[in-house]
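From just these sequences and the hints, can you work out the full model?
Take any residue in the sequence shown, count from 1 to its spot, add 6: that is its number in this note's numbering.
Quick caveat, the hints were computed from the structure, so don't treat them as lab data.
Some hints here could point you the wrong way.
Unchecked claim - Lysine to any residue pairs mimicking SDA-like chemistry, simulated, CA-CA at most 25 Å apart:
| no. | residue 1 | residue 2 |
| --- | --- | --- |
| 1 | 95 | 60 |
| 2 | 128 | 102 |
| 3 | 114 | 82 |
| 4 | 128 | 92 |
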Amino acid sequence: MKTHRSVAKGRDGIAAGACMPAVSLLLLLLCLSLASLSCLDAGNATEAQKEELLQAVREYWENHRNYNPGTTSGVGEMTYAEVAGDEAKVRVEIILGYAQPTEGAGYKETTFLLRRDGDSWKVTHDGFIGEEVRY
7 MKTHRSVAKG RDGIAAGACM PAVSLLLLLL CLSLASLSCL DAGNATEAQK
57 EELLQAVREY WENHRNYNPG TTSGVGEMTY AEVAGDEAKV RVEIILGYAQ
107 PTEGAGYKET TFLLRRDGDS WKVTHDGFIG EEVRY
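What follows is the structure, encoded as structure tokens:
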């Protein structure tokens with residue numbers, strides 16, 4: 007005995023829900039491509055260079071700034087590092103507010119320019135204030 011299944015069809019004659027897997031797949035691919043874009047632009051620095059550059063920015067921030075940026079807790083994570091010969095451009099998160107994020111801390115992504123000075127890196131431009139650094 008044959009049973010008849012009724013399928014609801016839209017105005018164009020396509021069964022309702024027939025396009026859902028394709029739409030879901032398209033949305034999934036779109037989400038994955040957008041997520042991967044944020045991972046692509048991390049710069050060309052090696053892990054060793056990133057560590058040296060982050061240390062140089064932290065050294066500058068803690069010991070060589072000639073201004074008070076208000077309530078900050080220091081330098082957080084590095085989000086970008088590009089090295090070209092003896093020059094580098096890095097973006098780091100400056101921690102604003104209190105030390106613990108649960109106490110209201112925030113982050114300001116800030117760009118610093120550095121130049122190799124012998125065996126170490128020195129900050130030459132402070133993006134937090136937008137000025138050249140003079141030692």
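Going down the list of hints, with the structure as the test:
{"no.": "1", "hint": "95 x 60", "verdict": "holds, 11 Å"}
{"no.": "2", "hint": "128 x 102", "verdict": "holds, 23 Å"}
{"no.": "3", "hint": "114 x 82", "verdict": "holds, 10 Å"}
{"no.": "4", "hint": "128 x 92", "verdict": "holds, 10 Å"}
Checked against the numbered hints given earlier, the structure satisfies every one of them.
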